[in-house]
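Chemist: Position 160 of the sequence shown, counting from 1, maps to 160 under this note's numbering, and the rest follow consecutively.
Derived lysine-lysine pairs resembling DSSO-like cross-links, with alpha carbons at most 30 Å apart: (1) K135 x K254; (2) K327 x K342; (3) K377 x K119; (4) K254 x K21; (5) K353 x K270; (6) K119 x K153; (7) K342 x K266; (8) K135 x K266; (9) K342 x K255; (10) K153 x K383; (11) K255 x K327; (12) K153 x K135; (13) K119 x K383; (14) K255 x K266; (15) K153 x K21; (16) K177 x K135; (17) K21 x K266; (18) K353 x K21; (19) K119 x K177; (20) K177 x K377; (21) K177 x K383; (22) K270 x K254; (23) K327 x K353; (24) K119 x K91; (25) K91 x K377; (26) K21 x K119; (27) K116 x K153; (28) K346 x K270; (29) K353 x K266; (30) K321 x K353; (31) K327 x K21; (32) K342 x K353; (33) K270 x K255.
Computed Cβ-Cβ distance ranges for the label pairs, DEER-style: (34) R87 x S330: 45 to 55 Å; (35) S344 x R87: 53 to 63 Å; (36) S330 x A114: 38 to 48 Å; (37) H50 x A151: 25 to 35 Å; (38) S330 x G2: 40 to 50 Å; (39) T237 x D197: 26 to 36 Å; (40) F67 x Q203: 33 to 43 Å.
Simulated from the structure, these hints should not be mistaken for laboratory data.
These numbers come from a predicted model, not from an experiment.
We treat Cβ as the ideally placed atom computed from N, Cα and C, and that holds for glycine.
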Amino acid sequence: MGYNFFIYSANFLPNIGGVEKFTDNLARQLIAMGHSATIVTNNVFNSLAHETLESGAEIFRLPCRPFLNGRLPFPRHGQDFNDLIDRIYEKPVDYVVINTRFYPHTFIGAQHAATKGIKPIIIDHGSAYLTFGNKAIDLLVKGYEHMVTIALKARYNSDFYGVSQASAAWLETFGIKASGVINNSIDADRYFNQASDRDFREQFSQSCFIVSFTGRLIPEKGISTLLDAANRLSDDTTIKFLIAGDGPLMSELKKNNPGNIYLLGKLDSKDIAALLRQSDVFCLPTRSEGFSTSLLEAAACYTTPIITNVGGVPEMIPSEKYGIILKSQSSEEVASAITMLKESPKRLNAMSKQIGERVRIFFSWQRTADLLIAACKNANPSKQQH
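Model the full assembly from the supplied sequences, consistent with the hints where possible.
Modeler: Have a look at this one:
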């Protein structure tokens with residue numbers, strides 16, 4: 001028999017984000033390897049408090065107060081909360097894995113581990129401070145991150161890992177020496193093959209050059225940079241920007257659209273895969289990433305990336321053969337990179353093949369699950385296989 005894993009994640013599907021997808025895919029892989037996986041999250045969407053997902057993972061959704069539009073859920077204590085915690089504690093557990101270090105939810109997972117005599121694995125998914133596009137709020141959140149991390153270190157004995165080399169290095173900001181990297185991954189062939197039949201090129205001529213973006217429309221993703229780059233390239237009527245996602249900056253894009261931006265709204269995974277397969281380049285001028293899931297998805301679809309040098313990028317793009325690493329969030333640099341690749345079709349084609357092959361060789365969920373299991377065993381040497 002396998003091990004019983006509990007995975008704590010402050011947010012989970014249907015919320016779309018890198019951590020949510022990481023949790024879902026990691027649970028799927030552990031189950032495929034013969035282990036059990038139970039996810040504990042916050043009930044941001046008023047879903048069932050407890051159920052078994054189609055993946056085979058069991059899930060508990062704790063009552064919460066979804067502050068900042070659900071981005072910072074706080075536990076809502078009461079009888080329902082306590083009843084769920086009791087049910088969680090009744091279940092057999094060998095290892096506890098916690099995604100991100102700064103949510104109140106992290107402490108719930110750490111307390112569960114401590115109660116059971118388990119040293120938890122905490123995986124950090126960032127490489128910079130959280131930002132909400134408001135200087136006053138960002139300053140408060142920065143202080144909050146340090147305060148919460150100090151409290152977490154003081155109360156619980158945990159092993160910390162980064163989801164990328166950049167995430168592991170970022171932990172040093174909080175006086176934490178990472179034990180290693182448990183990287184983000186993707187089932188590249190499965191993702192590629194599940195693409196829908198939706199034709200995103202239908203309204204354009206075949207000669208059009210499609211630049212895609214997938215993700216939340218928030219300041220840290222470089223939305224303003226994309227908008228400025230689109231303005232710079234608006235004279236070239238063959239370049240089209242297809243933006244998949246939703247968020248607070250949607251209104252800014254609608255208001256200032258130079259005419260070459262096409263807002264697709266929030267798409268499901270199958271449509272995103274179809275969009276990426278039909279795109280010439282994927283552009284993400286983001287300020288911070290732990291290890292971008294969108295980058296992995298683009299690579300899985302053989303789509304050449306143009307991306308800033310954030311977490312996971314050096315691992316995915318070790319040289320110019322695999323894509324373009326931006327030196328800054330400058331819209332001028334973004335526009336220049338897009339133009340260069342548009343005018344160099346042979347180079348673009350070679351890059352797309354290289355990045356597609358690389359993600360399939362080095363970034364599988366099997367490898368990530370193996371790293372996690374090794375980390376759990378190292379942290380808890382007394383645990384024995386059933």
